[in-house]
Amino acid sequence: MAGKIMVVDDSASIRQLVGFTLKNAGYDVVEASDGRDAVSKLSGNRVGMLITDLNMPNMDGIELVRKVRGDASHRFIPIIMLTTESQDAKKQEGKAAGATGWIVKPFKPDQLLAVVKKVFG
Amino acid sequence: MRDLPIDEWRSSLHSLNNDVQRLVTGTESEFLSIISALQKLSLDGNELYNMSKSASDLTSSGTIEDTIDGLHEQIANLSGHLEECGQRMSGSMDALQAVGEIIGSVRGTGRGFKRIVRTLRVLAISTRIESSRLGAGAGGFNTLANDTEKLAGQIEAKHSKILERAGELNEAISGIISNTACALRDQRKSAGDILAETRAGLKDLIRMNRNSCKISDDIIDRSDNLRGEIDKIVVSAQFHDITRQQMEHVGMALTDAIERIDSFSDDTGGDEAAELSAWIADLCELEASQIRNTREHLNEAVNGIKRNLSDIAEDVAVIAMQTREIAGASDDSGSADNSLIARIRGEIENVLDLLRRNAARKREMKESMSAAADTVTHMSAFIGDIEDIGDEMKLIAMNARVKAAHTGREGEALGVLAESIQKLSDEARSQSLLVSEPLAAIAGESERLRSITEESGRQERADEITGNLESIVREMSGMEKRLFELFDRINSFGMSTASEANRVAGRITVHDTVSAAADRIIAVLEGISSDARRHTSDFNAPGRDARLRELTRRYTMQSERRVHSTASGAARDQAGTGGMGDNVELF
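Those protein sequence lines, which keep their order, are chains A and B. Numbered per the working numbering, the first sequence spans residues 1 to 121. Numbered per the working numbering, the second sequence spans residues 1001 to 1587.
Watch out, some of these pointers could steer you wrong.
For lysine-lysine, the following DSS-like pairs were computed, each having C-alpha atoms within a straight-line distance of at most 30 Å [what the hints assert, rightly or not]: (1) K118/A with K1161/B; (2) K1040/B with K41/A; (3) K1114/B with K108/A; (4) K4/A with K1040/B; (5) K1366/B with K1114/B; (6) K90/A with K1232/B; (7) K1053/B with K117/A; (8) K23/A with K1232/B; (9) K23/A with K1040/B; (10) K1232/B with K117/A; (11) K1053/B with K23/A; (12) K1053/B with K1214/B.
Derived coverage of chain A by chain B (criterion: at least 3 residues anywhere in the stretch with Cβ under 8 Å from a Cβ of chain B; other residues may be distant) [to be verified]: (13) 5-17; (14) 107-119.
To give an idea of the interface, some chain A residues facing chain B are shown, with a C-beta separation under 10 Å as derived from the structure [said to hold, decoys possible]: (15) T21; (16) K23; (17) S33; (18) D37; (19) N45; (20) N58; (21) I80; (22) T83; (23) Q87; (24) K91; (25) G94; (26) K95; (27) T100; (28) G101; (29) W102; (30) I103.
Hints are computed from structural coordinates only; laboratory data are not their basis. By construction, the Cβ of each residue, glycine as well, lies at the ideal position given by its N, Cα and C atoms.
Produce the entire structure from the sequences given, and follow the hints as far as they go.
And the structure:
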């Protein structure tokens, strides 16, 4: 197994599409439906990378990034924002919160895997 | 501005907002069903690729090359072996014909022996007559007459046996010659035909091997295409989420409009009413453009998914068909019985039959030659018996001469008879030689034949070739069994996967549902916009730019901003990203 990646998105279809792409490449995938669900599931999982949406109910992606960076056990894991949001200001906000990178939807499977390989291996 | 249709706008916008919310939530289950089908198609595509690759590997790998080399070697061995067998058979034919001629000379000795027998019988009669004439004093001569008569009978019986055996031998040799000639003709023809067909089969096998490599490459290309189609569907399916968010943004705009209308009161001044109308007109026009854009992108994405699914169905069907072509099975009924491997196996079976027939013939020839040699041995024993009879005749003759001498002058006639018997014994020996010499020659030829037959009857080489060919047939049968099991699986799997892909494509209606709903919403928005615009026809809209800028705040997507810029005539946002694609940025 190449490693475990958590996919956080309030859209079930996006979680399935990202999960499908990652699983086909040999990664283990954990799904969470929003930031709060992700924080809860992170404590029980040895997750090596996080791919998260930005706009979600309960806890959004930026807040999730801040929480993860504040958690000693996941402080250094790569976090990629996968969102329809393309405004530079939002990107800068994500970068400031500690995101590793930003992908604007729709993603191409090869492209997503290239990013994952580069930041996670 | 008391005549603004505020209530009508509010009601329409409420209704539109509900429609938009339904669009946001109503399409997810169909997209999830598409994604679920996609996951299965992807797994099936991988499985199909692996099965096709296994089939291709089976026919293009070292296995088939080893089989071809092995068959080449065995066919060369077989060819050499059959050539040797043919030469030995020709040698046997020559020897057999020589034996036949010698037997003819043995059968020609009958007259000499008959004359000896006849003379002995005459001598026996003469001895009895002479003995009677002499009366009681010549009693011992009757015994001589009886012995002579007995010897005549023995020679006659032995010679008759020799002739009888010679006849049998002649018949046996003729039979062997005829069978050998027939076997030789059959072997040459069968071997020629079978070897030619097997060599042709080998050429086909080599062609198939080359073709399978090419088809294997095609399958890999097509499987790559299939993966590419699946990747495209992954991209297109994300438009569900993108559409959902865009419609949410439209919903937010409509909620803002309703709130603003709600805050409007009859006491509000005319400028504010005009400004509200202008704002409603701009907003409805912009949101109609956003929905139009969303509808077009969703249509494009869903039609792309349907097209990609149809392409997947075609790819899968072609992979299944190409895999069958690998074994050369597609030209006929596609069944295992008509495959090239089955044909080659059939040809090898023919070769094995030829070898088995050859072995059976050798066994028959060996038995026939053994029986002929036994006959010659028996005949030689009879010759020995005749020689013994000759020796006995000599003794009888000597005894007769002694008795004749004792009898005195009256026994002189008997002395003459004894002398004749003595002469006949020499003649019998000479006649025996006439038979024994050819028989010795036959025995010699027979030994040579026995040796040739023994040599050609040695099955080691034929057994080795048979064993090797049987092993190749077993290997090919095993390969064919595995191949056709794979074909059956690929065929049924490919057909069901293609059918599933077409079924999924045929059942997708989400774009039609969304388009119809979007068209209705756009029509109402354009109606409100047009109506609102009528109330602002002479209004200069001093705050329009600020209003439009305010509207862009809720847009999160580049495409939304682009639509906004186009619809409102504002300068385009030129956001750009680099790195691993325009939409990727690593910090």
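Hint-by-hint comparison with the structure:
For the hint pairing K118/A with K1161/B, the CA-to-CA distance comes to about 106 Å; that exceeds 30 Å, so the pair is violated. At roughly 27 Å between alpha-carbon atoms, K1040/B and K41/A fall within 30 Å of each other, so this suggested pair holds. Of the supplied pair hints, the one linking K1114/B and K108/A is violated, its CA atoms being roughly 115 Å apart against a limit of 30 Å. For the suggested pair K4/A and K1040/B, the alpha carbons sit about 22 Å apart, so the restraint of at most 30 Å is met.
Distance check on the hinted pair: K1366/B and K1114/B sit about 36 Å apart at the alpha-carbon level, beyond 30 Å; violated. For the suggested pair K90/A and K1232/B, the alpha carbons sit about 28 Å apart, so the restraint of at most 30 Å is met. Note on K1053/B and K117/A: the hinted pairing holds, with a Cα-Cα distance of about 28 Å set against a maximum of 30 Å. Between K23/A and K1232/B the CA atoms are separated by roughly 17 Å; this keeps the pair inside 30 Å, and the hint holds.
For a cut-off of 30 Å, the pair hint linking K23/A to K1040/B stands: about 13 Å separates their Cα positions. In summary, the hint linking K1232/B to K117/A is supported, as the alpha carbons are separated by about 20 Å, within the 30 Å threshold. Annotation: proposed proximity of K1053/B to K23/A holds, straight-line Cα distance about 22 Å (limit 30 Å). For the suggested pair K1053/B and K1214/B, the alpha carbons sit about 12 Å apart, so the restraint of at most 30 Å is met.
Only when three residues or more bring their CB closer than 8 Å to a CB of chain B does the claim for the segment 5-17 of chain A stand; here the count is 7, and the claim holds. Counting residues of the segment 107-119 of chain A whose C-beta lies closer than 8 Å to any C-beta of chain B gives 9; at least three are required, and the coverage claim holds. For the restraint placing T21/A at the interface with chain B, the shortest Cβ-Cβ distance is roughly 6 Å, inside the 10 Å limit, so the hint holds. Interface hint at K23/A: satisfied, since its Cβ lies 9 Å from the closest Cβ of chain B, which is below the 10 Å cut-off.
A distance limit of 10 Å between C-beta atoms decides the matter here; for S33/A the minimum to chain B is near 13 Å, and the interface restraint is violated. The restraint placing D37/A at the interface with chain B is violated, with a minimum CB-CB distance near 17 Å, outside the 10 Å limit. Below 10 Å, beta-carbon pairs count as interface contacts, and N45/A has none with chain B, the closest being about 22 Å; its hint is therefore violated. This hint is violated: N58/A has a C-beta 16 Å from the nearest C-beta of chain B, more than the 10 Å allowed.
With 10 Å as the threshold, the beta carbon of I80/A comes within range of chain B, its nearest partner Cβ sitting at about 8 Å, so the hint holds. At a threshold of 10 Å, the smallest CB-CB gap from T83/A to chain B is about 8 Å, leaving the interface hint in force. The closest approach between the C-beta of Q87/A and any C-beta of chain B is roughly 7 Å, which is under the 10 Å cut-off, so the hint is satisfied. Taking 10 Å as the C-beta contact cut-off toward chain B, the hint placing K91/A at the interface holds, the least distance being around 7 Å.
Evaluation of the G94/A hint against chain B yields a held restraint, the C-beta minimum of about 8 Å falling below 10 Å. Contact between K95/A and chain B, as hinted, is supported at the beta carbon level, the nearest pair being about 5 Å apart and thus within 10 Å. Annotation: T100/A was flagged as interfacial toward chain B, and the flag holds, the nearest CB pair being 6 Å apart, inside 10 Å. A least Cβ separation of about 4 Å between G101/A and chain B falls short of the 10 Å threshold, and the interface hint therefore holds.
Given the 10 Å rule on beta carbons, the hint for W102/A holds: about 5 Å separates it from the nearest Cβ of chain B. Satisfaction of the interface hint for I103/A is found here, the shortest Cβ-Cβ separation to chain B being roughly 5 Å, below the 10 Å cut-off.
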